[in-house]
Amino acid sequence: MSETVIHTEKLSKRFGDFVAVDALSFSVRGGEIFGFLGANGAGKTTAIRMLTGLLAPTSGSATVAGFDLYTSSEQIKRNIGYMSQRFSLYDDLTVRENIRFFAGIYGLSGKVIKEKTSSLLETLGLVEVADARLASLPLGWKQKLAFSVAILHEPKIVFLDEPTGGVDPVTRRRFWDMIYEASERGLTIFVTTHYMDEAEYCDRLCIMVNGRAAVLDTPEAMKRHYGAESMNEVFLHLARGKQAE
Amino acid sequence: MRSFRAFLLKEFYHIFRDRRTAAILFGMPLIQLLLFGFAIRNEIEEVKLGIYDQSHDVVTKEITDKLVSSGYFLVTQALHTQAEIERAFSVGTITEAIVFEPGFAARLQREGKADVQVITDGSNPNVSRIITGYTASVLREYRNDSAKMAAGGVVGVEAVPLMMFNPALKSVYLFVPGLMALILMLVSALMTSISITREKETGTMELLLVSSLRPVQIIVGKVVPYLLLSFVNVVTVVALASLVFGVPCRGSLLLLMLESLLFITTALSLGIFISSITSSQQVAMMISLAGLLLPTILLSGFIFPVASMPLPLRLISNLIPAKWYLIIVRGIMLKGTTFSYIWKESLILLMMTLTLIAASIKKFSVRLQ
Chain A
1 MSETVIHTEK LSKRFGDFVA VDALSFSVRG GEIFGFLGAN GAGKTTAIRM LTGLLAPTSG
61 SATVAGFDLY TSSEQIKRNI GYMSQRFSLY DDLTVRENIR FFAGIYGLSG KVIKEKTSSL
121 LETLGLVEVA DARLASLPLG WKQKLAFSVA ILHEPKIVFL DEPTGGVDPV TRRRFWDMIY
181 EASERGLTIF VTTHYMDEAE YCDRLCIMVN GRAAVLDTPE AMKRHYGAES MNEVFLHLAR
241 GKQAE
Chain B
1001 MRSFRAFLLK EFYHIFRDRR TAAILFGMPL IQLLLFGFAI RNEIEEVKLG IYDQSHDVVT
1061 KEITDKLVSS GYFLVTQALH TQAEIERAFS VGTITEAIVF EPGFAARLQR EGKADVQVIT
1121 DGSNPNVSRI ITGYTASVLR EYRNDSAKMA AGGVVGVEAV PLMMFNPALK SVYLFVPGLM
1181 ALILMLVSAL MTSISITREK ETGTMELLLV SSLRPVQIIV GKVVPYLLLS FVNVVTVVAL
1241 ASLVFGVPCR GSLLLLMLES LLFITTALSL GIFISSITSS QQVAMMISLA GLLLPTILLS
1301 GFIFPVASMP LPLRLISNLI PAKWYLIIVR GIMLKGTTFS YIWKESLILL MMTLTLIAAS
1361 IKKFSVRLQ
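The listed protein sequences derive, respectively, from chains A and B. Letter 96 of the first sequence, counting from 1, is numbered 96 in this note's numbering, and no numbers are missing. Quick note: to get this note's numbering, add 1000 to the position in the second sequence (first position is 1).
Chain A on its own, in the form it takes in the complex (with noise of 0.2 Å):
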């Protein structure tokens, strides 16, 4: 828990009178788990997609792997990864040539590809079907190769917008046993969610309501703060307590 990898000021994103994301101001520590929790429509994704490029902010300011958001975009895309919600891979191409083409996208070199590409299926268990159309996989395992595809070149800060939609609790379970590891080796986790049982998993969370952060702690703290016995018993004070306002 070192220097601090994403910082934002009053990030906001309008789209003509709707407010997305509004005022945002957070930090993110080296190494940690952050977890983005909100219900659809809270301007999670909305905020992901400002922090990795995608989506040019309305105002506000923020500095991703310790680059500018607006003038330094091309260093920050070296230091990230992403996996979008539906662990977007290519269905025509085979494992192997999704996992080279995406280690040759982010600039590795021929030789680091081969090595990579190797090892990667040795540790994933997919050596068997290395040369099988990606269509042909179950979910679970395009979910984890969309994962490992995502931080193949190593970067500072792995970006996951709702990586477990659609998947079986066993699977999900075994895909954040993946997203420990590498949080343990020092990647820095910025997860988004809806399932209220795996913002327990994380180190600190964010819960968005209507584009607001309407509180940033651990999971821990937030428990005690509202008196509250699981993390889906805050999540609905908040929600309704912004209603009724």
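By construction, these hints were calculated from the structure, which means they are not laboratory data. Among these hints, one or two may not hold up.
What the hints assert, rightly or not - Computed list of lysine-lysine pairs in DSS-like fashion (alpha-carbon distance at most 25 Å, straight line):
1. B/K1113 x B/K1061
2. A/K144 x A/K111
3. A/K142 x A/K156
4. B/K1200 x A/K142
5. A/K156 x A/K116
6. A/K144 x B/K1200
Dock chain B against the given chain A, drawing on the hints supplied.
This is chain B only, laid out in the frame that chain A set:
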């Protein structure tokens, strides 16, 4: 550069991995050329002819023989009553009937003229028009021949038509340039717009944008494979047209290829533009098919001449890139035109390309905000 290479390789995987795409890309030009070349022809052979000869004399016999020996007509039925003619038409045993009046030769001898009635099946106006024309020209020829024999010289004015650049009026000459425009439009615009929107749909576009690839590299990487493939198609069509149908390339082959590259670029930028205004493959396909395919066939002058369209359509046709490409290709291939006569059309295509690219960039940057 390394990331760009990886991206390009992936694009080729996509194209060759999907057998259907590959089949459409390489099979379509071949099949369309053969179809258009062999099936769609304006020439008519073996007109089924019924003769109702009420005179049965030397002259009617001569005229009938002349018709048959022209090679276009086949006498399938001798008719004996007016009612029989109608029946033969409705049954379909004949497509044309010729009626000689009674005492044909005698009247011709006496008055210098006699009547022949030519009846055709108007349910297919195009065919009727063509065979009426054939019949009239055979009759005219007979008249001139006999006049020559009688008076020892040609009487009156005779029109001698010559079809420049395509003396045999082969319709394949008309179709080859149009087909090139159509295939290039389809392959380039449709395939690029689908392949870009597919990445948006599956969410892989985000991954590409987050990687070290620049947006420009993504676009160029999408365009280069189709540029190459379209070019292969141009060469295939020109070669096939020349080998199978004997369509010449009278002008510079190099100029033809360069102009084709220009048109491919126009079509590609159109594809990029389409993909910048839509994010689903379905919509991109609908826009490409309804918005490009039909106008390219109907309004470019491919089949129907632009000059005979009503004014509003003529104005719209100016916006169809294929119209200008058609003028260029017909000029180079059939007339041997040099660049000095088609620079205006080339400039129009260039302007269209630049406008489309500018519009796409604008659209793209609006999206990023």
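Each hint, compared with the structure:
no., hint, result
1, B/K1113 x B/K1061, "16 Å, holds"
2, A/K144 x A/K111, "23 Å, holds"
3, A/K142 x A/K156, "23 Å, holds"
4, B/K1200 x A/K142, "19 Å, holds"
5, A/K156 x A/K116, "18 Å, holds"
6, A/K144 x B/K1200, "22 Å, holds"
When held up to the earlier numbered hints, the structure conflicts with none and fits them all.
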